Amino acid sequence: MNNVLRVENVCKNYGSFTALNNVSISVPKGSIFGLLGPNGAGKTSLIRIINQITLPDSGTVYLDDEILQPHHIQHIGYLPEERGLYKSMKVGEQALYLAQLKGMSKDEAKKKLKYWFEKFEITDWWNKKIQELSKGMAQKVQFIVTVMHSPKLLIFDEPFSGFDPINANLIKDEILNLRNEGASIIFSTHRMESVEEMCDYIALINKSNKILDGKLKDIKQQFKTNQFEVGLLTENTALLVNQINEQFSVENSKSTSFNDDLRLLFSLKNGETSKDLIEFLNNKAQITHFTEVIPSVNDIFLKSVASNS
Amino acid sequence: MDKLKLIIKREFLAKVKNKSFIVMTVLSPLMVVALFSLIIFLNEKNAEEIRTIAFVDESQQFSDAFEDSDAVKYINLTSMGIVEAREKTKEFYYGLLVIPKSDSLSELSNSITFFSNDTPSLTVLSSIESKLEKKIRNLKIAQLQIDVDKIKSIETKVTIDAENFSGEKSSKIGSLLRMIAGGGFGYLIFMFIIIYGTSVMRSVIEEKTSRIIEVIISSVKPFQLMMGKIIGNAMAGILQFIIWMVIGGILLFAITLYFGVNDVSSSSAQMAPEMVQQMQNSSNNDLQLILQEIKNLPILTMFFSFIIYFLGGYLIYSSIYAAIGAAVDSETDTQQFMMPVLMPLVIAIYVGFSVIENPHGPIALAFSLFPLTSPIVMLMRIPFGVPWWQLITSISLLIVTFIGMVWFAAKIYRVGILMYGKKPSYKEIYKWLKY
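Line by line, the protein sequences are chains P and E. If you count by this note's numbering, then the first sequence holds residues 153 to 461, one letter each, in order. If you count by this note's numbering, then the second sequence holds residues 71 to 505, one letter each, in order.
Treat the hints with care, since some could be wrong.
No more than 27 Å apart at the CA atoms, straight line, and that leaves these computed lysine-lysine pairs for BS3-like [as the list claims (entries may be wrong)]: (1) E:Lys-291 with P:Lys-264; (2) P:Lys-239 with E:Lys-79; (3) P:Lys-359 with E:Lys-497; (4) P:Lys-281 with E:Lys-87; (5) E:Lys-73 with P:Lys-280; (6) P:Lys-242 with E:Lys-79; (7) E:Lys-87 with P:Lys-262; (8) P:Lys-239 with E:Lys-497.
Derived CB-CB ranges, DEER-like [what the hints assert, rightly or not]: (9) E:Thr-279 with P:Arg-343: 50 to 60 Å; (10) P:Ser-176 with E:Thr-402: 39 to 49 Å; (11) P:Ser-176 with E:Trp-477: 51 to 61 Å.
Just so you know, these hints were derived from the structure itself, not from any lab. All values derive from a computational prediction rather than experimental measurement. We put the beta carbon where it would ideally sit given N, CA and C, even for glycine.
So that you can see chain P by itself, here it is in the shape it has in the complex:
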């Protein structure tokens, strides 16, 4: 199989509250997987089950086709939403301690840490206490601690919340590097636009249920509404609008342009293609802009929630 992680029919209840209802996801190797949904949807509950912090009431989790076992934690790197470090402990000591808890030997951990500290140019922080570092500096250390044991699976819960833009970019690049080196990555977030461009696969979770998952490209394809945004330049705008209204359903586009052209949103009927539209318009006006409207994950989410209920 090509999935690094498979979650099958997982249920989790806290008392009478259902946190996860029969959720299944598969994370393909070497991909970036977005676990998306609003606050309280059950994302963190699912992640805690994958990290073996809590156990599912029913259902199974497989890592590399093996049922999840305690020793698997050394293959998982986890950056929780609620994160931090011991404030009064020295950076180096702390990183070594956490690496050893992940199952690395001391020498191995030292070597790895040296590599990362040099990469981030922070070798002189080794003997500083966390409380002496700025928040941005601590975030770098936090990231290193998450990835230093070269896990196969990296899980980032709300990865960019709390990171300043410079660090967020640095981390983004590092995450892509890790993916290119073969790691698989799960992003969990309620701010869907923040990870949209990075994800290969997504799963949408709402109110403890998975409502949608798959390859991001396929999903977008599936949710396309055959809408096109067009910019037109002509001398007789009123005439053009009349002609268009006779043949197409059109509304004014919300986007504005800098050359005062007419911006329209065309919703094509089944069977009509962009080719038909261009041919129709080409005789009547100068086309300054032509794009297909691709729905954002946020739109897709809202749509699927509406259609599910």
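Assemble the complex: chain P is given as a structure, and chain E must be docked to it using the hints.
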């Protein structure tokens, strides 16, 4: 197992490297010793001050009753007359003793007066009184025409040897020693449970507030983390205890040695030669008695039961403390949960004080079996001798309770550490047990 070791090591080092731990560990015995030395030093200083006491002896019978010592000198102003002697004493001397003229010795004993600028020191007064008593007694003996030496020969010192039926000796000093040993050990356990229990709780809260907790429990089980924390802190506590014992022991020994020798020589110099002889004999006797009684204490039982009860009591309470720390968000929220925890400890101490009065009564028995109070109360009883069946029952109950308590605390801990931002009620905590 390796991870547990790592956690214990970290918790231990985090505690031991802490500045306040180092300061407390080193400073506490120094402070105790400094306090002792100050008291002894001030006493010495007081004793060193030479006081001159004037006396006017109108009865003409007491001029040889007062002998000078290092600390007190006597000066006879009888020839001056009372009025003049008073004026002079006011200016130059510590006080003026006036012995009026009287026909009957019995009457005389009630009419002697001491004048001084300040309230006279008790030791000075009682030393003068005893000198006068002795002189009057000798005078009376002389009046009755009895041989003084014969009287001396009939004086005897009696010490009752109390012995129980299995042949163990007990005595007043022994009882006192047992009370001190028992009370001291019980109180020590009380202190350590509170200090190190709170320290476990703080450490749990620190992990919650610094938000490292979830990073850690994605690598280890919450139970491992909790036990590592409890054991690491216990080891720091035992280390501190040993350091205190060693430093305190050495310093106290050195100081009593230094001041002790000094003390005997200076105080003996104040006494009449024949008194010194007597005192030395009796103080030697006392010392031997104390040493004998210390040997009689069940030291081995005390030592092992101290360790067992300290560990048992500490494990019970520190796991409760860990659960409290996990349930709350900050130390200010702990108050409502602390009361019920401290209650049995405080009751144990109060009961303990009545237990050392009556170490084998029903109250003593009940509280030394009840596991939440037994670490303190039983330790207070042990120096007095406790039947084996009671000791075994008490320890068994302690072990069963601590296993139950750790299990119970682990459940709350496991859920609590992942709950942020709200202060739970007892009802919610009860619900956590079922997750």
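These are the hints, each one checked on the structure:
1. Annotation: proposed proximity of Lys-291 of chain E to Lys-264 of chain P holds, straight-line Cα distance about 25 Å (limit 27 Å).
2. With a C-alpha separation of about 18 Å, the suggested pairing of Lys-239 of chain P with Lys-79 of chain E holds against the 27 Å cut-off.
3. With a C-alpha separation of about 26 Å, the suggested pairing of Lys-359 of chain P with Lys-497 of chain E holds against the 27 Å cut-off.
4. The hinted pair formed by Lys-281 of chain P and Lys-87 of chain E meets the criterion: a straight-line CA distance of about 13 Å does not exceed 27 Å.
5. Taken as a hint, the Lys-73 of chain E and Lys-280 of chain P pair is honoured in the structure, with Cα atoms around 25 Å apart against an allowance of 27 Å.
6. The hinted pair formed by Lys-242 of chain P and Lys-79 of chain E meets the criterion: a straight-line CA distance of about 15 Å does not exceed 27 Å.
7. Of the supplied pair hints, the one linking Lys-87 of chain E and Lys-262 of chain P holds, its CA atoms being roughly 22 Å apart against a limit of 27 Å.
8. In summary, the hint linking Lys-239 of chain P to Lys-497 of chain E is not supported, as the alpha carbons are separated by about 33 Å, beyond the 27 Å threshold.
9. Checked against the given bound of 50 to 60 Å, the beta carbons of Thr-279 of chain E and Arg-343 of chain P, roughly 25 Å apart, lie outside it.
10. For the pair Ser-176 of chain P and Thr-402 of chain E, the supplied restraint of 39 to 49 Å holds, since their beta-carbon distance comes to about 44 Å.
11. For Ser-176 of chain P and Trp-477 of chain E, the hinted distance range of 51 to 61 Å is not satisfied, since their beta carbons lie about 34 Å from each other.
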